[in-house]
Structure formats: structure tokens, C-alpha cells
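Please construct the entire structure, taking both the sequences and the accompanying hints into account.
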Amino acid sequence: MKQEFTITIYTENQVGLLNRIAIIFSRRKINIESLNTSPSEVEGIHRFTIVIDETEEVVRKVVRQIEKQVDVLKAYFNTNDEIIWQELALYKVPTDTIAEKAKVERLLRAYGARAVVIRKDYTIFETTGQREETDTLLNVLGPFGLIEFVRSARVAIIKDSKGFYEKLKEFEQSKPVTRIDSINRSRIEEETIDL
Amino acid sequence: MQTESIQDQKTTDQESIDITGSEAVLKALIAENVDIIFGYPGGAIMPIYDALYDYNDKLEHILVRHEQGGIHAGQGYARSSGKVGVVFATSGPGATNLVTGLADAMIDSTPLVCITGQVFAHLLGTDAFQETDVINITTPVTKWNHQITDANEIPSVLAKAFYIAKSGRPGPVLIDISKNAQIQKFNYTGYTYCNHIRSYRPKPNIRKEYIEAAAEMINKAERPFVIFGQGVILGEAEAEFKAFIEKGGLPAAWTILGLSALETDHPLNVGMLGMHGNYGPNVLTNECDVLIAVGMRFDDRVTGRLDRYAKQAKVIHLDIDPSEIDKNIKADIPVWGDCKETLPMITELIDLKQHDSWTNKFKDCNEKEIEAVIYDEMHPTSEHMTMGEVIDQLNEITKGNAIIVTDVGQHQMVACRYAKFNQSKSNITSGGLGTMGFALPAAIGAKYGAPERTVVAIIGDGGIQMTIQELGTIMQNNVNVKILILNNRFLGMVRQWQQLFNDKRYSFVNIESPDYVAVAKGYRIEGNSISKREDLKQSLTKMIEHNGAYLLEVFVGKENNVFPMVPQGCGVSEIRLK
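Protein chains in written order, with the working numbering: chain A, 1 to 195; chain B, 1001 to 1578.
Think of the hints as simulated: they come from the structure by calculation, not from any bench.
All of these numbers come straight from a predicted model, not from anything done at the bench.
Note that the Cβ used here is the ideal one computed from N, Cα and C, for glycine as well.
Hints may be right or wrong, so weigh each one.
Stated by the list, open to error - Restricting the straight-line Cα-Cα distance to at most 35 Å, the calculated cross-link-like pairs of lysine-lysine (DSBU-like) are:
| no. | chain 1 | residue 1 | chain 2 | residue 2 |
| --- | --- | --- | --- | --- |
| 1 | A | 169 | B | 1330 |
| 2 | B | 1327 | A | 169 |
| 3 | A | 68 | B | 1203 |
Claimed, not checked - Calculated from the model, a selection of chain A residues having no Cβ within reach of chain B, i.e. all distances over 12 Å:
| no. | residue |
| --- | --- |
| 4 | 3 |
| 5 | 37 |
| 6 | 82 |
| 7 | 94 |
| 8 | 124 |
| 9 | 155 |
Shown next, in the form of C-alpha cells:
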């Protein structure tokens, strides 16, 4: 069954890596729903957040193929209930409608929208939230002469993650550890969920 | 470049001198023990070729006739020597001509470092003369690629390139160097080998519990079956592999790229897997109780229809590349790691055993196959020769000691089925990509990789015409390769499919050939062409014993088919003997 998965990738900052990662999806004809690149909690290490709609089996294979790339340090995948995520949306509406129509003002307040710029001719509001929230505000503002709308990619934090510092320390050891550990972990919890 | 923590630093020379980027490239190659480069010059790589002029005594350069020939030669060299193949090409068309070879090396895990020239950095993105976006074109077909526009990067990037190409699961690396960086003088402080990149783990961690579980499962198995691929050769684990199957009494079958890792005559070698593999290995895949896959990736040509593949068996999968585990076949026990390390760990834990009645089933199947297919292939009643009898005769002359390089198609399947091998790294073929035109240039490279060995390129009448220009490379460098053309005057494999599945609608498979002996003569290569059985032995002997390159064309039956065959979309037990 297909569902939304958020893929978090820690990488080196290398030109061309975005393409290298993107073609792993396009090769399988998977559409990327959202893609964000940003710094991570570790200096010099970048973090990709990618959202796709796929089956768990396919996501697992894709994540392994991503992690195989030389400049990728680690890749994780999570379902929506395993992450805290947000998106940011901007709405540009004519100022006079807001001023004249009390309903619009109420709506904006109800959705927690914040005015970023107020000018005579237009006002820009911002909301942060999950897809349904930003979408609903988009739909209700539509009839009131919405001029422009834009939404950012998803950013997400993995609930169970202890951060990347420890992993990085391990990776920076010159001899890749041939760890012979006997921990009894279930088959499904392979390295990809090894946070 | 990123800052990598490079430890265990080994620096070749402590000099601090001003040299050009081009010289730095050549110094890197020397430091990496490169002795041969296959290449073709052009505008954007001229500074490197100019520097090469002064390094002629340290680095041999083979001028090929087409960049595709260059990269296939690099592949042949890497496959016969186990070292990294090095290829030079210029920007634009020179670089794009490498793409087929890169894709081939990528899918067949062949270590290559390809260096392409690029236009001046200030011209990048301007559609300059002979500019192509080589990095983006080659991204899907390289293990890693990188563009250099500053000479200071050259030593560290090349060190990284060689490390990535040969470590872990090997693969092709492409380094694109802009012309200004080749010319640029910079302060060179020596070459530091790379043996660690923090974002790259060539070998996954070995998990002891899986080793133990695998051994336990093998010990309990009544009908264990080992299938092995090129991982055994790439990991140089032939001895470890043999010890493993011998202790467990485990019958073992090979994929096309695993061929020659285990000698043909080994009692536990039960033959070839896959679409045109042997009967026993295919049908018994669906009867074994434990399937042990070593360094192979369950290609669709091996598995046939996945939902009818080894459903009754527990699967143990040993692979160095974690992304291969569960990709096509779900593994019950995933043994991540280099099989050179994991195999001995499992061998230690398994019981000394024999599975006589089970192994005899392979023998019974083999008898059946001999009766239905092999006998007729070896002793045809028709006046036309079969490809099989040619290979059989060749075996008698080479005694299984030659390197056999094959192209793609019927002759490839027949050669892999019937050629004998006594030692590893002896079968060189384009397995994953199925690149027609591979064999002739790959044979050139294979000869340079193993100069003391006899190299026979077996090629069809289709494939030879795709890279026939490399006869020029053979001529100019006196490369002692034997070229055996099996001519059936058809694009035989496609014709076979059209016969079996398209009601004999032979659509554009009728291919004419030139007079190959005359063509060879034009290149000052001796040759002969035969169509009669009584000439076969003597002609093959002459080819092998001839001092230098030799081309022998053998006309074989026009409409012979390769059997057995697992038709596409069928399960392995639905293998057809006719």
C-alpha cells in the first residue's frame, strides 16, 4: 500500500549530489512530492528532506540505493507518525478585502496566519503547519481575490532520532569498523532505522 | 572538496614543486601503479597528452580507434588483471562515447578511472565547442564522478577516484578536468593515498548473528544449493569459496559473471544458471531447501519469473552491497559483507558433509541435458557446424587455460555454456548491459592485463561489425589476440526469439558481412575463413599457435538455436530443452 514517507538524508556538500539523488527516484518513475535541502545539526553536513508517496518495500530499496552513493552519509525513512513536520505557506491578498471584510480577518486569525508585509495594495500572510492546514486556508482565501500563493517544502524532525553526532564520529574513524556484534535485532530493523 | 579525515597517510614524495595540473594527473597515475592507459586525444585534453609525451617511459598509452573501444579495453584490462582500468578521452563527443562503457562497467562492477578533458572553466555552460555536461550525463552510470576546475584539487580527487573505483563493490569513476586546470601551475606537495572517506562505507559491518544463523541453516539443510556470481572474483575469494562448498558438500552453479571463479571440472561445479544455463541448476533451484547466493544479484536473466523462483527455499544472501539484499529476492538471512571475510566465518561453523543423493540429482539432470541438447550440439548430424562444437574443439587446444572474451548473443551463451576454465578471471563478457561490440576492444585490454596468457575473443558477425575499427589498435600495437568470429549470417539471438515467439517473422536480423579475412589483411592481420568441419581443428590450432593476432571466421549453421532456454516471463522450472 502506498503512503507518504519522509526520507531524511545526511550528505556531504557536493555539487551534483542533488541530481545523483534525484535520479534514483526518477529512474523508478517516482514523483518527488517535496524536497528541501538545508544545513543539519552538524556543521558542514547537509540534510535533504524528501517526501514521496510509495510502498514501504520500494522506499526501503530506494533508501538503500541513496545510502550507497559515495557522498551520502546516512539515509532514513519514516512514516508521518514517526516525525514532526511542518511546511510554510505565503498568501498574498488585496489589502482592501481584508480591511472591508470582517470574515477574512476572522479566517486569518482562526488559521493562525501572521501578516508579514502590509501595503496599501496587498498584504502577505504566512502560516506554518501541515499540508491540510495550509491547504484549507488556501481554499477559503480563494474567493476573496487571492493574488499569489506559495508553499515551502516539508521540513521534518524524526521523533526517535538522537541526532547525527554519534554516527558521524563512527564514520570518521579511518578504519571502517567490522563490528561483530550479537545484538538481537529483528530482521526489519536494518541499518536504515539504526538511529 | 570536502575535508576528509584521511589517516594512515602515505605520501609518495615530499617534494614541493610547481607543476601543471596535467603533470599532477600523470604523477597520480604513477603513484597508483597504473602501467597502461587506453585513450584518444582531442582539443580539451591536449595539455595532459602534452605532459604524457615526457612520461612515455613510465606510462604506456594505447591509442584506440574510438573512445568506446578505449573504455571496453579498460574494462577488459581490469577484468583480466584485477586492477583499475584507466581511460583518457577528450570533452564533448570523446566523453559521450564513453557512456556505453561506463554503463557496462557500472552494471558489471568493473573498476575504472576515466579522465575526460573539459572546456575552459569560464566557458562552462555556454555551449562552447566540444562542451557537453559530462558530469550530468554520466551520473547514473558512474559510482562517483567529479569535475575539477582548479589544479590544486587534482591529487586529492584522483586519490579518491582510485579508492572509490576499487574498494567495496567496484565501479567506474569519471573525473572531468577543465583545460585551464590542466594548464594551471600549482604547488605540488606529493600524492597522498586515500583509504577512507567518511561518507562512504565500502564494506558493511559483518553481523555475527547472521553468520551463525546462516551456518545453522546450512547444517540443517537437506538439499542446499549454492549460486555464485562475480562477487567471488572481485573479492578474490576463490579459495575461500572452494573451501566453503567443499566442506559443506554444496553443489554450486554460476552466473555468467561468476564463471571461472570455480574451475569447470570441479566435482561440485554443476553448471550455469539462467535463461540459457544448464537444465539442472534451473529446475533444481525450485527443489532445493536452502539457496545460498554468494556475490550475485538475482538478475532477471537468472531468476526468470520472480513469483515462481525458489518459493520453497530459504534464501541466504551474501553480498557486499546492502542495496542488493532484498532487491529482487527476499533474503531470509542477509549476510552483509565482503565474501572473502564472511565465507571463512561460515565455513568454520558448518559441518563437514556430503549430500550425495541431492548432488546426484544434478548429475541426472545433466544426463538428460546431454541427451536432449549437448550431444547433438557436439556431434551434429548436419553438414553445418554448430557453435558448440567449435568451442569444444577450442577447449581441446587451449586445455581451458585461455582467457575467453565474448561479445553478446548466441555465441556468448554457447561459449559460456561450453568453454572450459581452469583459473579465475578467465571469462570476460558483457553480462549486465549486454553490449554488442564489447569483445574485440575488451580482448585488447585483457591481453594487456594478462600478457602471458592466450586471449581468444569469440564474437558474432553482428558484434564484430560494431567495433571492428579496433583492428587498427591491434595492428598498430601488435596485440596478440585471437579473434574467432562465429558467423551464422544472422543476428542470431534476435532471430531465435523471432522464430520462437514471433512466428518466424525475421525482422531486420539478416545481416551481411564483409570479407573478414580481407578486412583483417587490410589491417595487416592474418586470417582464415572456414565452413567445413574437417578444417576446424587445424584452423583453430593455427590460430592459437600463430605468433601474433589472428582472425578466424567460422561459418556455422544459419538457424541453429541455443537451448535449453527459460523463455521470458516463465519460471526457471519451465526451462525448455527444445
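Cross-check of the supplied hints:
This hinted pair checks out: residue 169 of chain A and residue 1330 of chain B have alpha carbons roughly 32 Å apart, not beyond 35 Å. As the CA atoms of residue 1327 of chain B and residue 169 of chain A are separated by approximately 30 Å, the hinted pair is consistent with the 35 Å bound. Distance restraint check for residue 68 of chain A and residue 1203 of chain B: the Cα-Cα separation of roughly 11 Å lies within the 35 Å cut-off, and the hinted pair is therefore satisfied. Every C-beta of chain B lies more than 12 Å from that of residue 3 of chain A, the closest at about 19 Å, which supports listing it as non-interface.
With 12 Å as the threshold on Cβ separation, the claim that residue 37 of chain A sits away from chain B holds: the shortest Cβ distance comes to roughly 15 Å. With a least beta-carbon separation of about 21 Å from chain B, residue 82 of chain A lies farther than 12 Å from that chain, consistent with its non-interface assignment. The claim that residue 94 of chain A lies off the interface holds: its Cβ sits roughly 41 Å from the closest Cβ of chain B, which is beyond the 12 Å cut-off. Look at residue 124 of chain A: its CB is around 34 Å from the nearest CB on chain B, clear of 12 Å, so calling it non-interface holds up.
Taking the minimum C-beta to C-beta distance to chain B, about 22 Å, the non-interface status of residue 155 of chain A holds against the 12 Å cut.
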